[in-house]
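Let chain D serve as the given structure and place chain P on it in line with the hints.
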Amino acid sequence: MPREAEPSLSERQFVLQALQENLRLDGRELDQYRPLELSFGDQYGVADVTFGRTRVLAKASAEVTVPYADRPLDGIFNIATELSPMASPAFEVNRPTETEILLSRLLEKTVRRSGALDTESLCLVAGQKCWSVRVDVHVLSHDGNLIDAACLAVVAALRHFRKPDTSIEGGVLTVYTAAEREAVPLSWLHSPFCVTWSFFGDEGETAVLDATRLEEQVRVASCTVSLNKHGEICQIAKLGGVPVDAVALLQCTAVALTKVKEFSELVDKKLAEDVKKRDKGGFMAELSAENER
Amino acid sequence: MPLDTSAYNLALLRVDGRRWNELRRVHAQIRTQAAADGSSYLEMGHTKVMCVVTGPSEPGPRRGGAGAGGGGGSGGKDAEVAVSIVIAGFSSVDRKRHGKGDKRTLELQSTVSNALSASLHTHLFPHSQINISLHVLSQDGSLLAALINAATLACVDAGIPMTDYVAACTAGSTSTYAANDEAADPLLDLNHQEEQELPGLTVATLGNSDRVAVLVCESRVQVGRLEGMLAVGVDGCKQMREILDRVVREKGQRMIQEGTVERGVGLNDMDVD
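Chains as they are written, first to last, in UniProt numbering: chain D, 1 to 293; chain P, 1 to 273.
Do not take every clue at face value.
Said to hold, decoys possible - Derived pair list, reagent style DSSO-like, types lysine-lysine, alpha-carbon separation capped at 30 angstroms: (1) P:K103 / D:K59; (2) D:K259 / D:K277; (3) D:K59 / D:K229; (4) D:K129 / P:K96; (5) D:K270 / D:K59; (6) D:K259 / P:K103; (7) D:K163 / D:K277; (8) D:K269 / D:K59; (9) P:K103 / D:K229; (10) D:K269 / D:K229; (11) D:K129 / P:K103.
Unchecked claim - Which chain P residues stay away from chain D? Per the calculated CB distances, all over 10 angstroms, these: (12) A34; (13) H46; (14) S84; (15) S91; (16) H123; (17) D210.
Source of the hints: derived by calculation from the structure; they are not laboratory data. Glycine included, every Cβ here is placed at the ideal spot set by N, Cα and C.
In isolation and in its complexed conformation, chain P is listed as follows:
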């Protein structure tokens, strides 16, 4: 595919006109499905993801290996986080059927499930199940990051106790693995075109800390580049956390203003006008 990101060096602008440390436009909503326990809709650039959370509830009949178990099985003392991901056929440029048993999808499911069950207080809900279903409507890079962010928002909406937000984003590097140029810049938040061409990784951190919950790199890259990419990625996750936090707070304020919920004791420090 003759894509051209080599123009970066001329003006230090990327194919979509961003600087190296800029995120794409993030638009997020929570409580999009009125009937669900928790739901969210998230756009990162042109990557669009919908998420619905059901539970914690009594585990239903086991589906054949679909949702990868995170919390040690539904019969255990922790709630099981079952994730199912549906990638719509129309989500990418070339229309592709993604079967249920697609290994890549199963890997994504197990990653989202394990990432969230470390942050969710699953020990509060023994013998139960938290169902997270994610729908990918449009793909333009950073898919795993968008899935994790959307799932985090939906879990917040469902009111499941959790340690902190699990915020994710991607980072890349302007050099290819072969070129050993020292001047390679790290890049934040790759789109599909950059993801195809440049080495990159997905990072998810817990809240405002430097602690990495998910780190996935699928391309060949010099080991020396990792530090720069990881630093930019972790920084991006902090920005992402702020964005997610703002979405949750704005929705909360609106719900108080509309009288959907009563103003709670803990909300006194929020300035609601």
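Pulled out of the complex, with its shape left as it was, chain D reads as follows:
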């Protein structure tokens, strides 16, 4: 099993000492994110998120299948994460590392268990047919803070996604292609986002947002808070590590809420831009033979 190269002693000391003086190697404030970019693909349901040198791509897709026997009225919703050796040599195919398991659990708790997607709306014929929505998360480049980037990508991809329109007449299900009927968006209830704090120092007294990979390797604890813009906590995970003062954790949650509101605004803005770009001026404009040439 290949192991990730650990930072050298002097590198470690340099990062930690700088953080003690409230300085970061890339000149950011402690609670500042790296430049954040979000773009959508040509297809519906593809979102590409970049946090500095971290890049995550999420692709949503849907197909008609048979629902689970114990949940005949619910559709199926899955999030698949795969960390390939492309992101880091420590990741192997078909052998999930701890990072991958924790990432997929966090996404699952944040997006799926908090009920962000209304799975009942995915049901087509009770007990027989339903939509199965699946989001594949691909990490293209890993420079820390995978969780926040992946969560943002998943939420953006699902909100951008359109599933084919369907109708049921006399027990016969028809799935229409995009040319026959406009595809419909998913029934989306709220948008949760993850904010990960990294803690440094003997008692975890320095809290830092959006840690890079190097910072992640030398941190003593981390805490991921998932919230939506309405101020509802969907999930908190501080899974061990050096104990951090309870009051500091409450402050972290409060700051996380402001960050989540920023994320929320960003996704709304980008989705609106995308809609404008795709709107070619109605059906007649699409049919016209004129082109730019």
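Chain P only, in chain D's frame:
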């Protein structure tokens, strides 16, 4: 599931007759397995957990990703804390097979491992491994808290130096996430029924301090509720620490009385009759 905790408002009593700030009955024993380096048995209400600690010892051949590494790998300068959790099929009401690769179990393993390796003095045992195996015999809510408490007791029994007890318990709130009622009470130590229905979180603190080692919340809850729940949880952890401490001291006294161990120099301040 039509469970009814809504009767709480009538008499301020919970489904099992507790007040908001009462823990369930905690029964704990240490040194339950004579042959093991350290062992414990812990009951929190109907949640029953057994723990056996082996080590610190030379690391065996690596098992395929089972025990999540806490202390930076067995080859490192710190001891690795490898945790394995077995959830018995008969532990909950509906008999369920929990595979080895169950993500929830793996997450629990990594949480217990990371929580303890921050308190254990792993730097004293380079190139070695501390194996903690936990067996869940019965589940009735607060599983993660029970696992952490049992593992702490077993590590104390194994005589591994540690900063302080890592004591854990759960806290919840009587309101659901949607209801914005201001009168919601925080609750201490949720059982399974309450855990299903109400928002809750698991807290583990280090010793008597307010420092939180583990904080896990898996349900939707208003951000304003967090402070109350966390305060009650931290307070519950302090109560739990007292209980764990009493268990360890009582066992120590009994061992001295029975002559299993000699009365040490540091024990003079303990009143042993």
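Now for the hints, and whether the structure bears them out:
1. P:K103 / D:K59: Holds: K103 (chain P) and K59 (chain D) sit about 22 angstroms apart, inside 30 angstroms.
2. D:K259 / D:K277: holds, 27 angstroms
3. D:K59 / D:K229: The hint holds at about 24 angstroms.
4. D:K129 / P:K96: holds, 26 angstroms
5. D:K270 / D:K59: Holds, at about 16 angstroms.
6. D:K259 / P:K103: holds, 29 angstroms
7. D:K163 / D:K277: The hint holds at about 19 angstroms.
8. D:K269 / D:K59: OK: K269 (chain D) and K59 (chain D) at ~20 angstroms, within 30 angstroms.
9. P:K103 / D:K229: holds, 28 angstroms
10. D:K269 / D:K229: At roughly 15 angstroms apart (the allowed maximum being 30 angstroms), K229 (chain D) and K269 (chain D) satisfy the hint.
11. D:K129 / P:K103: Status holds; Cα separation ~28 angstroms.
12. A34: holds, 30 angstroms
13. H46: H46 (chain P) is indeed farther than 10 angstroms from all Cβ atoms of chain D, at 24 angstroms.
14. S84: At about 14 angstroms from chain D, S84 (chain P) clears the 10 angstroms cut-off, so the statement holds.
15. S91: Per Cβ check, S91 (chain P) is outside 10 angstroms of chain D; nearest 20 angstroms; holds.
16. H123: holds, 13 angstroms
17. D210: About 5 angstroms separates D210 (chain P) from the closest Cβ of chain D, which leaves it inside 10 angstroms; violated.
Hint 17 alone, counting from the list given before, is not met by this structure.
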